[in-house]
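Asker: Since chain A is already given, all that's left is putting chain B on it; use the hints.
Protein sequences, first through last, are from chains A and B. Per the numbering used here, numbering through the first sequence is continuous, rising by one, with the last residue being 408. Per the numbering used here, numbering through the second sequence is continuous, rising by one, with the last residue being 408.
Simulated from the structure, these hints should not be mistaken for laboratory data. Each hint can be trusted.
Each pair may be met inside one copy or between any two copies, as identical chains are not told apart.
No more than 20 Å apart at the CA atoms, straight line, and that leaves these computed lysine to aspartate or glutamate pairs for EDC-like:
1) K197 to D75
2) K145 to E56
3) K145 to D62
4) K145 to D87
5) K197 to E233
6) K89 to D141
7) K215 to D75
8) K158 to E387
Protein chains: 2
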Amino acid sequence: MRVELINTGSELMLGFTVNTHLSYIARQLAGIGLRLDRQVTVADDRAEMRSAIGEAMQRSDVLIITGGLGPTSDDFTRDVVAELLDRKLVRDEAVASHIAERIRRRRIRLPESIYVQALVPVGAQVLPNRNGTAPGLVIDEGGKLVLLLPGPPRELKPMFEEYVLPVLEKHFGAQPRFDCRTFKVVGLAESIVEEKVAPVLADLPDLELGYSAKMGEVEVRIISDLKSTADEAEKRIRTALADNIYGVGDARLEEVVVKMLTATRQTIAVAESCTGGLIANRITNVSGSSEVFINGCVTYSNESKTRLLGVSEKTLASHGAVSEEVTREMAEGVRTRSGAGFGVSTTGIAGPTGSTPDKPVGLVYIGFATSKGTTVQRHVLTFDRETFKFFVAQYALDAVRREFLKK
Amino acid sequence: MRVELINTGSELMLGFTVNTHLSYIARQLAGIGLRLDRQVTVADDRAEMRSAIGEAMQRSDVLIITGGLGPTSDDFTRDVVAELLDRKLVRDEAVASHIAERIRRRRIRLPESIYVQALVPVGAQVLPNRNGTAPGLVIDEGGKLVLLLPGPPRELKPMFEEYVLPVLEKHFGAQPRFDCRTFKVVGLAESIVEEKVAPVLADLPDLELGYSAKMGEVEVRIISDLKSTADEAEKRIRTALADNIYGVGDARLEEVVVKMLTATRQTIAVAESCTGGLIANRITNVSGSSEVFINGCVTYSNESKTRLLGVSEKTLASHGAVSEEVTREMAEGVRTRSGAGFGVSTTGIAGPTGSTPDKPVGLVYIGFATSKGTTVQRHVLTFDRETFKFFVAQYALDAVRREFLKK
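Here chain A stands alone, though its shape is the one from the complex:
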C-alpha cells in the first residue's frame, strides 16, 4: 500500500510558512499502521499542481492533498483534481447550509464567492469541517483514494482525526501495524539520554531507535514490527530514564501536571516575572484547568511584585528582583494570597538586555512553595528570548510534577 502526500500553497514554496502538515499527518498515519512514501510541496500554480497531482495519482493507493480549498482566486485544488479525474463539480446543498449557518452564527457578512466551497466533485464523500467553511473531500477512483483537505491546521487536524482515519481504516482494512512508541523526557540533555538508553538496547534485534531534541525536552523513539521487542525495549528505557520520563506519545508536560493536580484535588497559583505569563498560558491551555488554577500574577515591575505578591521592598532593594530571596517571597506570596496548595514563581533575565556584571543574561530562579516549605532552583540558560521562557516554564512545571512523585 503506497501513500503519498501533496501540500499546496505559495506561502509554503516562498518560505513564509513552515510546513507542519507532513509531521502531523505522518504521525497520524503511523497510528493506523501506514507510512508515507513521498511528500511533495507545490505552489498555487495550476500547471505545476496538475503535473504533481497527476504523477502521484499514478504511483499511489492513497493520495492526500492539502490546501487550496478556500474561497479566493488562488484556491483551485478542487478544480485541478476534478479535471484530472474527469468529474464535474456540483453544488452540495448540505455544505452550502453549513456555510450559511457558520456565517449566521458569527453575525458577519461574507461575499457570495464563499459558496464556491460548496462545489463538490460528482461522487465525492464530504467530510465536515468543524472549524471552517471548506469541507474535506474523499474520492474513490477505482479503489484508489484521493483525499482533499483544508490547509489551515485548526481545520485539518480535527477533520483528520474524526473522519480521515476512519475512512482509511474502513477502506483499506487493518494494516500490519509497526509498533512505534515515543517517550517524552525532561531534565536530561539529548547526549545523556542516548548514553543511558543506547547501551541497554544494543542487543535487541530489529529495533529502530531515534532521538529528537525538542525545546526543553528530548523524545526517544522506538520502532519495531514485533510488539514483544517494543515491550522489552520500553521496559529497559523506563528503567534507564526512570522519572525523567513524564509521558508518552503526544503528551504535554502541562497536561500531565493539570491531570495530577485534578486527581489529587490540589490547586496552584503562579507568580511570573521572566516567563511573562507563559506558565499560566500553558496551564490554561489544558481543558479543565479552571478546577485547579486559581490565579496568575505577571509581575514585571518591582512595584507589582510588592503590590500583588507582598514581596518586601527591603528584599527587592537589598538583593535585586533576580535573586533567590525575591523568588522565594514571590512563590510564598502568590500561594498564601490565593489560598492555593502550590505556589510557583519565576524571575530571571530573558535578555538580550537587562544583564549586570554579577547577573548574566540567562540567569533565572524558579520557586516552588507548598505547605511543607519552599525550594528555589537556580539556572543559567543561554537561549533566545522565547526559548528561554519555554525552558524556564518547563523547569517550573516539572517541579510541580516531581512533587507528586515523592513518596
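Answerer: Leaving out everything else, chain B in the frame of chain A:
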C-alpha cells in the same frame, strides 16, 4: 530556470522532525531571484530516493538535495546520486584531513567509518562544512547543477549562505529579481480582504496576488518582476485595507503594539480570564517590553477577580463572570491598581466545557480602559481552545493598536 528541492530523512517522513529546510532555502533563493518549483521529501530508502532524484534531475536546471551525507548506515544520498550520474566515488584528501582535524580538536574517538564522508563523485566541487564533517557537493552535469547538502540546519545554513548562493549566482548569472511584499491584516476575514483588494488590482498586469488566512489575521502577498508595479499595488492595497494593515513582512501584532507604547511612553496592564496569560506572554515575548508592561493578572477564579482587580462581588453575582459589566470592572481595575495608562481585560468561555443556556461556548468580552473611558467588545468565536485564546488576544492587542490610530 527550474529549481527543485529534495529533502531526505526518515525522521521527516515519520513526523518526528518538522522540515524547516524548505522555508529556509526558499527565502534564501528568493534573495537571488530564484523560486522553487517543487519540493519533495523521501525517507532513507534507496529505491524511493533513486526514483525521486532521477525524476527531479530530468525536470530541473538546479536540484538541491539535503540529508544522507553522514557516516551511518542510513546515509546514502551520495551513493545514489553517484550511481544515477554514473560517476565513481573517490577519496578527497583535503576533506579527509578536515575530518581528521575536527576529531583531533574535539579529542574524541570516532570509528574509521567516519571517513566515508571524504568520498566525492569524480568532478564534483567540494563545499567546506564549518560545523560538521560532511562536505557539501556541487556537480555540474552538462550545465545542470546538482547540489548535495548536509541535513542538520546548523551545518546547512552557514554553508548555504557562504558557498551555495555564490555558486548559483556564478553559474546562472544574475536572475531578474522579483519583488515580493506581504501585508499583515487584522480585523477582516480572508474573503472580505479579497473582496476589497482584488478589484482594485485587477488592471495591473504581471502581478501575482495571494492570500493566507493565519490565526486571527490574513496575509496579503504581492509578487511582481517590476518594482513600479509592486509600488502601485502596495499603494492601492494600503488604500483599500487602510488601518486593517498592522504591518508588513514578518511583523507580529504584539511587536507593533509594544513599539507604539514605547514610542509614546505609554504603559499597559492586562487582566486575563479566558486568555489565561496569553496576552501577557505575547507582550513579554517582545524584547524591551519591560519598559511598557506593568503587570498582568490571570484571574480564573471569581475570588481572584475581586481580590486582584477589585471587581465587585455584586457585579459577579448579578451578571456572571462572562459579562460586559465584569469585563469593564476588570479593565478599569487593572488599570487603576497598576497605574498603567491602558488596561485590557478578557473574559469568555473557551470551551469545550463551561457554557450555559444563555452563554454559549465561544462567547467572549474584551475590555479596554484608558483615561478617557472604557470600551467593551463582544464576540462569539467558535474555535478550539488554543485558537480561541489566540483570536481573543488578537482582538485585545488590536484594540490597543487602534487607540494609537485615533486622531
